[in-house]
Every structure is written in structure tokens, then in C-alpha cells.
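Undergrad: Read off the chains here:
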Amino acid sequence: MLRDLIVITIQVFALVTALTAVVLSLVWLERKTLARLQRRMGPMVVGPHGLLQPVADALKLLVKEDIIPALADKPLFWLAPLVVFVPSFVIWVTIPFAQSFAVRNMELGLFFIVAFSVLSIVGVVMAGWGSANKYAVLGGLRSAAQLISYEIPIIMVVIAVIMLPHSMNLVTIVEGQRAIPYALLQPLGLVIFLLAGVAEVGRTPFDIYFAESEVMGGPFIEYSGAHWAVFFLAEYVNTFTIAVLAALLFLGGWAFPLMPEATWVGFLGVLVKAYLVVLVIFWFRGTFPRLRIDQLMSFGWKVLIPLSFVNFGLTAAYLFYGLSRWSLALASLFVTAAVAYTIYRRMTWPARATAEQRLAKARAYRRVETTDAR
Amino acid sequence: MSLLPLGEKVRMRGISYPMAIDKQLDSLELMINVGPQHPATHGVFRMVVWIDGERIVDVEPHIGYLHRGTEKLCEGEQYSQIITLFDRLDYVANFNNELVVCMAAEKLMGTEVPERAQYIRTILCELNRIASHMLFYGTFALDAGAMTPVMYAFRERERIQSLFEATSGARLMHNYFRIGGVRQDAPDDFAQRITTLLEPVKETIAEADRLITFNEAFLARTRDVGTIDGNTAVALGLTGPSLRASGVEYDVRRTEPYLLYDRLDFIVPTGDRGDCWDRFWVRIREMEESVRMVEQCLQQMQSGPIMAPTRRIARPPKGEVYAHAENPRGDLGVYLVSSGADRPYRLKVRPPSFCNLMSMKHMMRNAYMADAIMILGSLDIVLGEVDR
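Listed in order, the protein sequences are those of chains A and V.
The opening residue of the first sequence carries number 1 in our numbering; numbering runs sequentially from there.
The opening residue of the second sequence carries number 1001 in our numbering; numbering runs sequentially from there.
Check the hints yourself; a few may be wrong.
Below, simulated BS3-like cross-link-like pairs (lysine-lysine); rule was C-alpha separation at most 30 Å, straight line [stated by the list, open to error]:
| # | chain 1 | residue 1 | chain 2 | residue 2 |
| --- | --- | --- | --- | --- |
| 1 | V | K1202 | A | K32 |
| 2 | A | K32 | A | K60 |
| 3 | V | K1072 | V | K1361 |
| 4 | A | K74 | A | K60 |
| 5 | A | K64 | A | K134 |
| 6 | V | K1202 | V | K1361 |
| 7 | A | K361 | V | K1202 |
| 8 | V | K1072 | V | K1348 |
| 9 | A | K134 | V | K1361 |
Just so you know, the hints here were simulated from the structure itself, not pulled from any lab data.
Generate the whole structure from the sequences, applying the supplied hints.
TA: Here it is in C-alpha cells:
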């Protein structure tokens, strides 16, 4: 009994330390990636290539004065960071990094993850309400709407994944991808999972609830010092969770073709895949403008949720009729391409056409005028 | 629920009670203060927004945080000293501002500006238009949430400002145009410098189209947002790119050519819907046209005098004159009353930013909170000019 307790304590501490190290690396990686996209150097002063910059930032945040607004609802204000922070770390108890490398390998692992990740919404809303700030309230309400609507496509996509190996156990799901990763079977699922995941963690182009140019930090506007650091930590841990889940559910986890079967190989494989997904998320941030709240909601409800049901239906048909893998992959790919083309055709294409027409008109006008002058 | 047109509501002690909101719930709309220290107000502009959920019910602009009394100061300064004050109006397009006050005095005095000076002025004004629109491109994308374009835009702006520095000695407050010409001749490698800087500028403009203009998310944010039709735009006194985006082909360079615009071949791009995207698109196309104009000027430019033979202290004859020019933000006008002394009797500025800002309320009708930021950004105001 006591031995178990000690083992678990050590495991949890190791997990929290590892995740904090991951967050520090992510902060550095994000700043460097964005800098590279924007033709800047990024942090260069603290440590070689600014490697120690996140550590310095974290230290700065810890020694900063922690201010509570006079009108704030103090219990809510203090509790909110914890309510956001704890679920995002608890999830990691069941995330495996190799076949036998998890704190607790649960049979209902995915269910546990989905259930706990929803909890952090409460914390964000608490922060928004407790801050006694109008921007924060606006941001908190936005986040509630956004996170709840994007939870549905994630759940649907996860269900479609569960259907393939008939298990909610993450180890079984990864082992089911020995032959072929689910990303190739369900490309649509991967796309939906990534988009909804980015919306879940509130990163660009879905960073509406702390939109800098509108609500200036949203629910976190009044937080400073260590409390803000906790939110920050949770945000990056969530980003990494989405990346690792994408790696485990769709990219084959530690199953790596042409590599020896060893725990450390699998461990590295998952890490590499997760960091690649994280890089894609950072790349989004450097590229896209953010959507508006109503557009975000209609994108969630009118595009992602129907698509996630289509993904579910395709997988169900594949399993029920025992179709070939090719048919599922092709059908999924076709739906993805069709949706992408529809969006292009509805948005970019007419705009390009209008631009061409207008320029032609302006040029024609100029020609008439110059001939008149002569 | 239908929203009433702005203004039709009972207002008590700063809180408005629109009739449209469900009275049984007794819910008031939320008043949000945006600015003067808000990342998206582009300076010290403050607007008070009343929102119902995410919809804007009413908006009230508050200006004057940057009021320096420029018009009154002008009455106490000699004409050559006024030019420095004009630098500080629209501090993003300084050359264009200097030009208008010089044009007003020259018009009153009947001064013929030498051709080379005209060319230098045209080139600098057009380059300044590119620099100003670059700033708009960057900050507008930043308002929309895209953080990368601002870096690219500022790089090009920096190149142009380096040229300004080489020409006038200052990056921002140039004080370079004089009544009757320019202060000193352009540097020897003027043409060569400009040719080398225009190449990356052209590339960045093309990149803007690839990166932002036709981006699906950007289109979703700006298409049909803050629309204003041509007639309303004219009635509200909108000028410049914001007016042309509504389909009105009014460009002072075309309708009343000043400087050397009648010798240049350029088009006036116009929109049709008058939404935020049209305003953005018109400005991007204007940058292309400015590049072409500068190239034409460089081909036509010849050496010669740069200053008309004027007296050291300008004393325009008694009279009144109105001069205006197409600034990056719109139609900047100067109404000058001279009593024959060495300083103006009265000088009135028609600042395009101020007049454009007046249409903000109309555009924000029924908009979302997030749109308010985009609309304000698309008007591209500079507070130095709004408050004077």
C-alpha cells in the first residue's frame, strides 16, 4: 500500500516535471518558428540561441506581483487557474508513450481523456466571470460557446477511431495501426481532429476568446504573475495533448516502419510525431487571421460536426460491409478534397474573379480617357 | 430580434436603452470602452461601444487626445515654419502633408515650381503613399489576427524610409518641401536607390495578395463587413481609398491633376461593395499604381533647378485660397487666408482621417464587436490628423 503510494507520487511528479519541460521547449519552439516565418531571429540573448529564454520568462512570472482586482470574486478568481490546470495534467496519466510506458494504462483511456478535457471550460468561464472585467466576461462567454461546440466533432472523430480496433485503450489503438496508420484510412478524421483540436486549445485561427485586438486577453486579462503562468502552462500542455493524441490516434504512435522494436525508439517516435504536429499548429498561427465568433460557430456546427458524422458513417459502412481499406481511404480523401474545394470556390474564387473584373474595368477607363485627351 | 437604426433609442446617463431588446428580460446591453489604450485603436482613439451579446447597438467615438492646436499655431508661424507643423498631422504620410501647404502658398503667390522639384515631389509623395499603405496592410492584417504580414510590411516601409532619410535627412519628420520647390537636390544615386528598393516592394505587394488578400479566413472576416454605398459615402464626406472602395471614382490626382499627375499613366482602382475587403483591396492596388508612377517619373526626370526664385521669407498677397491633394488617407485640403503678412491670417485644414472617421458610426450599424475593430482599421485613420 505504502509502496504503491510512493510509486504513484514519484510517477506523478515525474509526469509534471516532464510536461513542464515540454512546455518550456514548446514556448521556445513557437517563438523560433514564428520568428523564422517572419524573417526575424527570435530570442537570441539568454543562452545559446535563446534556449534559456523560457526559463527566464517563467522565473520572471513567478516573482511578479500577483494582483487581484478589488471587485473580483476572489474564490472564483483564485480557483480558476487550478480548474484549468488540473484536468489538462490529469489527462496525461493515461497517455502512453510506448507499449508499456504510461502512468496508468486504462481500458477506457480515450473516454477518460475526452471527459476530463471538457472540464477546463469551467475554469475559463470562472476566470472570465471572477475577474469583474467586461472584456473577461465577453471572453469567458465566448470560450464557453466555442469549446462546447468544438468538443462534439472531437468526440465524433474519436468514436470513429475507436470503432476500428474496437477499443478505447490507447495502447490497443496504436497496436491496431501496425499495418497502416489511421491517418491513411481516415484522412478526413485527422483533418477534423486537428481543426477542432486547435479550436479546443484556442489557438489561431480560433483564438477568439483571448483575441488580442478585440478583448485583449479575454478571461486572462486581469491575471498576472504565477496565476497567469498556470494558465499559460495549461494552454501549452493542451496544445501538446492535441498533438500527442493526433500522433497516437492517427499517425501510428510508436509503431514505426523499418525501426527496431524498442521502448526508446517508440518513445522517440511519438515525440517526433507530436512535435511535427505542434509545428503545424504553430505554422497556422503564423499564417491565418482569426475568424469571427459567429463564423467560428457556424464553421463548427455547419461544417465540422456534419463532416465528423460523415466520417463516422464512412467508418461504420466500412466495418459493417467489410469493405476494403482502399475504399474507406479514398472515400475519406474524396470528402476532404470536396470540402476544401467548396470552401475555395465559395470564398477565394469569386474574390479573385471580382478583382480581375474591376482591374479590367479600370484599365479600360484609362484607355478611353487618354484617347480623348489626344 | 431586429436592431433599430443607431440613434433611435432612449439614452439616460450614458446608458442607452434600445427598444429592440426584450423588455421582459430587462437586459441592458454591455458598455465596453475601447481605447484610448487598446491595441486595436491605432493611436489614442477611444470609442465607447454598447453591445448586445456580440452585436453592436451603438458606438460613440471620442477624439481629441492628440489635439495640439495646429491650426492656431499656424497663425503664429512663418510659412516656412508651418511646413514642420504639417509633418506632424498625418505622421505616416509626411511628404503628402507638406505638399498641400506648399501648394496653397504657391497658388496664392503664383509661383511656378521648377520641373525637377515637381518630379522629386511626385516621387516622394508616391513612395510615401506606398509606405503608408504598407503600414495599413500590416496593421489591418494584425487587427484580423494575422501576425506575420506586419513584419513583411514594416520591412518595406523601412527601405522606403531609408531613402527618405538619404534625401531629406530625416526618416519621419522630413521638413523637405519648400514654398517654390524642395530644400536640397536629391542625392546622386537617387534613381538607382529607388530602382533597387522598388523590386522587393513589388514582391511584397504580390506576396500580400498570396498571403492575405485572397485568404479564405480573411475574406470571411472582411467581405460584406462595414459596407457603405457610394451615395452615403459621398454624403458623409468620405474620401480617398475608402470612398473609391464604394465605387466612386474620385481621385484628386485624376480629377484635378496637381504636380505632374497629368503626365503619368495610372489607373484608379475602385471597388463596388464598399466593404472592408474592398477598402483593403483598393489600397493594395494603389500601391502597385504608385510603383508604376514612380518608375515613370524616374524615366522622365531631368536635371535642373530645384527651387523657384522666391523671396527668403514668403509673403503671399492678400487673398484666400484652397488647395487640396490626394493623400494616402483621402482628400487633404488647406484653406489659407492671407493678409499679406509673412504668416497666415487663418489656416483651416480639411483632414481626410477626421472626415472618414465620421462614417464609422454608419458602417458599424449591425456589426459584430470583432467587426468594429476591422471597420476602424479599414478606415485607416491617423490620430495626429483627426485631432490636429
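Undergrad: Run every hint past the structure and note whether it holds.
TA: Results for each hint:
A distance of roughly 27 Å separates the Cα atoms of K1202(V) and K32(A); the hinted pair therefore holds under the 30 Å criterion. Restraint check for K32(A) and K60(A): satisfied, since their Cα atoms lie roughly 20 Å apart, inside the 30 Å limit. Taking the CA atoms of K1072(V) and K1361(V), the gap is near 29 Å; set against the 30 Å cutoff, the hint holds. About 24 Å separates the Cα atoms of K74(A) and K60(A), which keeps this hinted pair within 30 Å; it holds.
Between K64(A) and K134(A) the CA atoms are separated by roughly 24 Å; this keeps the pair inside 30 Å, and the hint holds. Taking the CA atoms of K1202(V) and K1361(V), the gap is about 35 Å. The hint is violated against a cut of 30 Å. As the CA atoms of K361(A) and K1202(V) are separated by approximately 22 Å, the hinted pair is consistent with the 30 Å bound. Taken as a hint, the K1072(V) and K1348(V) pair is honoured in the structure, with Cα atoms around 9 Å apart against an allowance of 30 Å.
Of the supplied pair hints, the one linking K134(A) and K1361(V) holds, its CA atoms being roughly 22 Å apart against a limit of 30 Å.
Of the numbered hints given earlier, the model fails hint 6 alone.
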